[in-house]
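In case you want the letters, here they are:
Protein chains: 2
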Amino acid sequence: MIRVAVDAMGGDHAPAEIVKGAVAAVKKSREIQVMLIGQKELVLRELEKYPYPKDQVELVQATEVIETGEPPVNAIRKKKDSSIVVGMNLVKAGEADAFVSAGSSGAILVGGQVIVGRLKGVERPPFGALIPTEKGVSLLLDCGANVDSRPSHLVQFARMGSIYMEHVIGINRPRVGIVNIGAEEEKGNALVKETFPLLKECTDIHFTGSIEAREIPHGGADVIVCEAFTGNVILKLYEGTGAVLVGMIKKGLMSSLRSKVGAVLIKPALKDTLKAFDATQYGGAPMLGLKGLVVKTHGSARAGEICNSVLQCLTFKEQQINEKIKESLDAKEQAQENP
Amino acid sequence: MIRVAVDAMGGDHAPAEIVKGAVAAVKKSREIQVMLIGQKELVLRELEKYPYPKDQVELVQATEVIETGEPPVNAIRKKKDSSIVVGMNLVKAGEADAFVSAGSSGAILVGGQVIVGRLKGVERPPFGALIPTEKGVSLLLDCGANVDSRPSHLVQFARMGSIYMEHVIGINRPRVGIVNIGAEEEKGNALVKETFPLLKECTDIHFTGSIEAREIPHGGADVIVCEAFTGNVILKLYEGTGAVLVGMIKKGLMSSLRSKVGAVLIKPALKDTLKAFDATQYGGAPMLGLKGLVVKTHGSARAGEICNSVLQCLTFKEQQINEKIKESLDAKEQAQENP
Chain A
1 MIRVAVDAMG GDHAPAEIVK GAVAAVKKSR EIQVMLIGQK ELVLRELEKY PYPKDQVELV
61 QATEVIETGE PPVNAIRKKK DSSIVVGMNL VKAGEADAFV SAGSSGAILV GGQVIVGRLK
121 GVERPPFGAL IPTEKGVSLL LDCGANVDSR PSHLVQFARM GSIYMEHVIG INRPRVGIVN
181 IGAEEEKGNA LVKETFPLLK ECTDIHFTGS IEAREIPHGG ADVIVCEAFT GNVILKLYEG
241 TGAVLVGMIK KGLMSSLRSK VGAVLIKPAL KDTLKAFDAT QYGGAPMLGL KGLVVKTHGS
301 ARAGEICNSV LQCLTFKEQQ INEKIKESLD AKEQAQENP
Chain B
1 MIRVAVDAMG GDHAPAEIVK GAVAAVKKSR EIQVMLIGQK ELVLRELEKY PYPKDQVELV
61 QATEVIETGE PPVNAIRKKK DSSIVVGMNL VKAGEADAFV SAGSSGAILV GGQVIVGRLK
121 GVERPPFGAL IPTEKGVSLL LDCGANVDSR PSHLVQFARM GSIYMEHVIG INRPRVGIVN
181 IGAEEEKGNA LVKETFPLLK ECTDIHFTGS IEAREIPHGG ADVIVCEAFT GNVILKLYEG
241 TGAVLVGMIK KGLMSSLRSK VGAVLIKPAL KDTLKAFDAT QYGGAPMLGL KGLVVKTHGS
301 ARAGEICNSV LQCLTFKEQQ INEKIKESLD AKEQAQENP
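Chains A and B, in that order, give the protein sequences. Those letters in the first sequence? Residues 1 to 339, by the numbering used here. Those letters in the second sequence? Residues 1 to 339, by the numbering used here.
Hints should not be assumed to be uniformly reliable.
Because identical chains share one entry, a pair is satisfied inside a single copy or across any pair of copies.
[Unchecked claim] Okay, derived cross-link-like pairs now, DSS-like style, lysine-lysine, Cα gap no bigger than 30 Å in a straight line:
1. 40 <-> 92
2. 251 <-> 271
3. 271 <-> 250
4. 236 <-> 187
5. 291 <-> 20
6. 267 <-> 92
In case anyone wonders, no lab produced these hints; they're calculated from the structure.
Sequences and hints are given; from them, build the entire structure.
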């Protein structure tokens, strides 16, 4: 049995879509217990719309809500009774195994580090994002937790990301690439040049060298390692470009009668294609290296993404990802002590 | 009259498409004289395919070719008779006003700085790229010339980029944005935090603050300033994502008979849409702050892009962009001396 605290108040479509997604998850798996965190009355009103296994859903009161625009550090400190703080405290106390939220990224990042806390040995818990590619999905990390990283942080990202992709997503021997501006080892900025040889030395990951940004949508690596500023730029540009292109194509299709007729005919095929390029089917973005699991979904998440994110927690727990991360970091530490 | 040296040997479709594009440019404007640099025999064979005004085209011999994979510094030093070195030497000697090449980016960057040389006062000549947006086109710089930039470099990029967008592309009071991972001033890495207040102080540019990568394809700023590592990642991801999405959509359209019929109907509309998102119609990417103009086109450039790139040199010269850059930097220097 795994207990997942779900932030019922976070995201553009809270609480309706969040509650709907949580109910869908418990219906799919008897092994999940969901704690819906939020203003009880509001949450209950949504919950009553569905039949659901009562023993798998619990309501937890949290009177406050952290808004997207609020300065995160302040919000976490001041709003003790917000759904994010209450949910993370449940994880900290061991009353929940995981926390899923579509709320403020900043607050989730701060809360993850301050409330849930880092696993021993983890220098900087990165924020990973699953991004769709031509071939499937890649994990991009760090994509927003800590800017101005050091080489040793990037090496930990590579290790933790590999464990995640292998055991949660099921990719055998995931290829690890470091984001660079050329394929050759001597290319790059100071950070990349320092990190490259360290990654080459890692025997426990499958490092394949530099990955140019152009190769990311082609699925050029399974674990894409970079510093958080770069990662955040990649993540947001990726989403922005996709949205603009699809929007322009749709608009273009409405430009003449001929193309309108064509649009009706291609609709099912186009829908399938765009679905393959839709990150939400893989669940949310995990923050790795914390004492519990914290998963951030898109602010725009609907029930489907919430459901997948909750189910993802089950795999995370079953596969003992945190135990594997600890082992990996311990092994590294021992190797350094007894070279 | 403006004299443009064109690298007839650089790019995936050299010399055929390069020569074709150069001929198209001189046919469009009597004010352009083109010098085609390359292996004379090969170039002449292409040139003879077209009728063209003989007084506007000149052949210049260059026996060597710098390949894309060659280490740039070495290539520029060793291959003295390559089309890139010969062309840049013509600019240096004042025998050409501009140099256009679809060849090795690395060699063009090194050659631009080492052979053509910087304008007095320019710290680091950036590599600008015109990128298509929902609204038109933006200039992204630096997108590959110098990694690990300092704040003062970014301020110069903003100044030079503004002059370029206003006078070459014709955008009145171009909006300048600095790439950041949040809209607020306190966000960002160390470089952005240091640069932000400096840009705010500039009275000669229209600084609009941070731009998140998501807003780039929406045309959120006309001049997009960033450090070269980030810029290169943006440029390549932008091109890669567009290519993959369009490829997936085209493949999707071939998946059923119904969608195939639809595809035929939407083809003209789709073509128009994708054309609007095609950077090649604006010409190449200028390297700013050099004593002459150096323009890099895509390696995959065809005649149309080459033609536009050559015509772009005319505007650059007519608008006296380099003189304006010098004035702008001089004014800044004087202001610092007599505050």
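Outcome of the hint check:
Proximity of residue 40 and residue 92 under a CA criterion of 30 Å is satisfied intra-copy only: 22 Å inside one chain copy versus 74 Å between copies. In the homo-oligomer, the alpha carbons of residue 251 and residue 271 lie at most 30 Å apart both inside one protomer (15 Å) and across protomers (12 Å), since each shortest distance falls under that limit. Taking the shortest Cα distances, residue 271 and residue 250 sit within 30 Å of each other both inside one copy (12 Å) and across copies (12 Å). For the homomeric pair residue 236 and residue 187, the shortest alpha-carbon distances inside one copy (24 Å) and between copies (15 Å) are both at most 30 Å.
In the homo-oligomer, the alpha carbons of residue 291 and residue 20 lie at most 30 Å apart inside one protomer (28 Å), although the nearest pairing across protomers, at 63 Å, exceeds that limit. Proximity of residue 267 and residue 92 under a CA criterion of 30 Å is satisfied in neither setting, with 47 Å inside one chain copy and 56 Å between copies.
The structure does not agree with numbered hint 6 stated previously, though it agrees with all others.
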